[in-house]
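2 protein chains.
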Amino acid sequence: MKIYFATSNPWKYREIKEKFNNAGLDLGRINTQLLELQDVTNEEVALISARDAFKKFKKPLFVEDSGIYIKALKGFPGLYSSFIFKAIGLKGILKLMENKKNRQAEFISVIVYKDSKQEKVFKGICRGSITNKIRGRGGFGFDPIFVPKGYNTTFAENYAIKEKISHRVKSVNKLIKWLKNGKQKQKSKRSK
Amino acid sequence: MKIYFATSNPWKYREIKEKFNNAGLDLGRINTQLLELQDVTNEEVALISARDAFKKFKKPLFVEDSGIYIKALKGFPGLYSSFIFKAIGLKGILKLMENKKNRQAEFISVIVYKDSKQEKVFKGICRGSITNKIRGRGGFGFDPIFVPKGYNTTFAENYAIKEKISHRVKSVNKLIKWLKNGKQKQKSKRSK
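Top to bottom, those sequences are chains R and S.
Letter 134 of the first sequence, counting from 1, is numbered 134 in the working numbering, and no numbers are missing.
Letter 167 of the second sequence, counting from 1, is numbered 167 in the working numbering, and no numbers are missing.
No lab work stands behind these hints, which were simulated from the structure alone.
Hints should not be assumed to be uniformly reliable.
It does not matter which identical chain is meant; a pair holds if it fits inside one copy or across any two.
20 Å max Cα-Cα, derived DMTMM-like pairs, lysine to aspartate or glutamate [what the hints assert, rightly or not]: (1) LYS95 - GLU43; (2) LYS183 - GLU157; (3) LYS58 - GLU157; (4) LYS74 - GLU163; (5) LYS17 - GLU98; (6) LYS19 - GLU163; (7) LYS133 - GLU43; (8) LYS100 - ASP115; (9) LYS180 - ASP115; (10) LYS174 - GLU98; (11) LYS133 - GLU98; (12) LYS101 - GLU44; (13) LYS101 - GLU157; (14) LYS177 - GLU106; (15) LYS180 - GLU18; (16) LYS91 - ASP52; (17) LYS149 - ASP52; (18) LYS123 - GLU163; (19) LYS120 - ASP52; (20) LYS95 - GLU119; (21) LYS101 - GLU163.
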């Protein structure tokens, strides 16, 4: 019986094809882009988390997932911001950004609200740039290396600014507006 | 109605709690570790990919997912190896490893075989260390900066070694052995 190796990677295919030949087994290739973790979006991560938390706690709740996307690093650390923050820290990010002229970055925050009747997503984006060194002691995470567009200070140097314009402020404000407007009216938009 | 913010992050909670107070809304906290992408294992990624590919192609097939886990970087890039390879490259990894004394790393390969009747996982590990510079032109991915334990050359400098002892050779050999032994016998172990 012919068996197929589903992969978009020709080197991996070559490595494995030879082993199959040597073993007298028939191997074909399905050249396809597999579903991979990197295709998953912030929104999907937050949805998974919200459903998981709701299953456990059975209370109206929301979760928030955020990440920083650096242009010169092709979106890195993006979805993996918290894992990468723990692994390589701010110094690691600054090392990777040494000699990069394009310092553009954006913070994205996704909130997923869930109760027994509905599920709703709110998103906030804050554009800015990555500094050359760690600046400021306020905030947390990537705050000391992020300067929002139109300002000269990092979120860690000027936390009051963060509290006004951050990605998370934007997503939270959308959530609050929706809650205050009476989400009850919107029950028709329910999903599982 | 009280709404809960499910988060293990006290800073995020503080940021959002204040907004809710200002809006006259009642917010509680569920202090819990959410299900996050970083909890997902190589094996689960490969399972998702295999099921997805089988659904599309309806042929007996397998997928392979591999990653390199660097001890001094707390397992980075791990599960995200291919995304991180594209984003920061070998130079990025070497930058992060500057001045790190502990150079230990391991490659892990997971193969998931799937047909209409069964699903089976095969795993291979290859231990070694990260070099100080890029060495060799063979192979692909992280091969030029990985020296397997007991050798002095990188996988890229000595591809013949890779073909004998790599993580993927180990997982493939397990798959082949299983196929040759007649996986038919093992149908009782089927899963969905």
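Do the hints match the structure? See the list:
Taking CA atoms no more than 20 Å apart as the test, LYS95 paired with GLU43 passes in neither setting, with 29 Å inside one copy and 31 Å between copies. Taking identical chains as interchangeable, the C-alpha atoms of LYS183 and GLU157 are never at most 20 Å apart, the minima being 37 Å within one chain and 62 Å between chains. Taking CA atoms no more than 20 Å apart as the test, LYS58 paired with GLU157 passes in neither setting, with 39 Å inside one copy and 56 Å between copies. With identical chains, the CA atoms of LYS74 and GLU163 are never at most 20 Å apart, being 27 Å at best within one copy and 32 Å at best between copies.
For the homomeric pair LYS17 and GLU98, neither the shortest alpha-carbon distance inside one copy (41 Å) nor that between copies (37 Å) is at most 20 Å. Only between protomers do LYS19 and GLU163 lie at most 20 Å apart by alpha-carbon distance; the minimum there is 9 Å, versus 58 Å within a single protomer. When the C-alpha separation of LYS133 and GLU43 is checked against a cutoff of 20 Å, the pair qualifies neither within a copy, at 30 Å, nor between copies, at 38 Å. In this assembly of identical chains, LYS100 and ASP115 lie within 20 Å of each other by CA distance neither inside one copy nor across copies; the values are 45 Å within and 47 Å between.
For the identical chains of this complex, LYS180 and ASP115 are intra-copy neighbours only, at 16 Å inside a copy versus 51 Å across copies, given an alpha-carbon limit of 20 Å. For the homomeric pair LYS174 and GLU98, neither the shortest alpha-carbon distance inside one copy (36 Å) nor that between copies (43 Å) is at most 20 Å. Taking the closest pair of Cα atoms, LYS133 and GLU98 come within 20 Å of each other both inside a single copy (10 Å) and across two copies (18 Å). Taking the closest pair of Cα atoms, LYS101 and GLU44 never come within 20 Å of each other, the shortest separation being 32 Å inside a single copy and 38 Å across copies.
Within a single copy, LYS101 and GLU157 get their C-alpha atoms no closer than 23 Å, and across copies no closer than 33 Å, so neither meets the 20 Å cut-off. Taking CA atoms no more than 20 Å apart as the test, LYS177 paired with GLU106 passes in neither setting, with 24 Å inside one copy and 49 Å between copies. Proximity of LYS180 and GLU18 under a CA criterion of 20 Å is satisfied inter-copy only: 15 Å between copies versus 64 Å inside one chain copy. For the homomeric pair LYS91 and ASP52, neither the shortest alpha-carbon distance inside one copy (33 Å) nor that between copies (38 Å) is at most 20 Å.
Neither within a single protomer nor between protomers do LYS149 and ASP52 lie at most 20 Å apart by alpha-carbon distance, with minima of 35 Å and 41 Å respectively. For the homomeric pair LYS123 and GLU163, the shortest alpha-carbon distance inside one copy (16 Å) is at most 20 Å, but the shortest distance between copies (47 Å) is not. Taking the shortest alpha-carbon separations for LYS120 and ASP52, only the intra-copy value of 15 Å comes in at or below 20 Å, while the best inter-copy value is 26 Å. In the homo-oligomer, the alpha carbons of LYS95 and GLU119 never lie at most 20 Å apart, since the shortest distance is 40 Å inside one protomer and 42 Å across protomers.
Neither within a single protomer nor between protomers do LYS101 and GLU163 lie at most 20 Å apart by alpha-carbon distance, with minima of 28 Å and 40 Å respectively.
Hints 1, 2, 3, 4, 5, 7, 8, 10, 12, 13, 14, 16, 17, 20, 21 from the list above are not met by this structure, while the remaining hints are.
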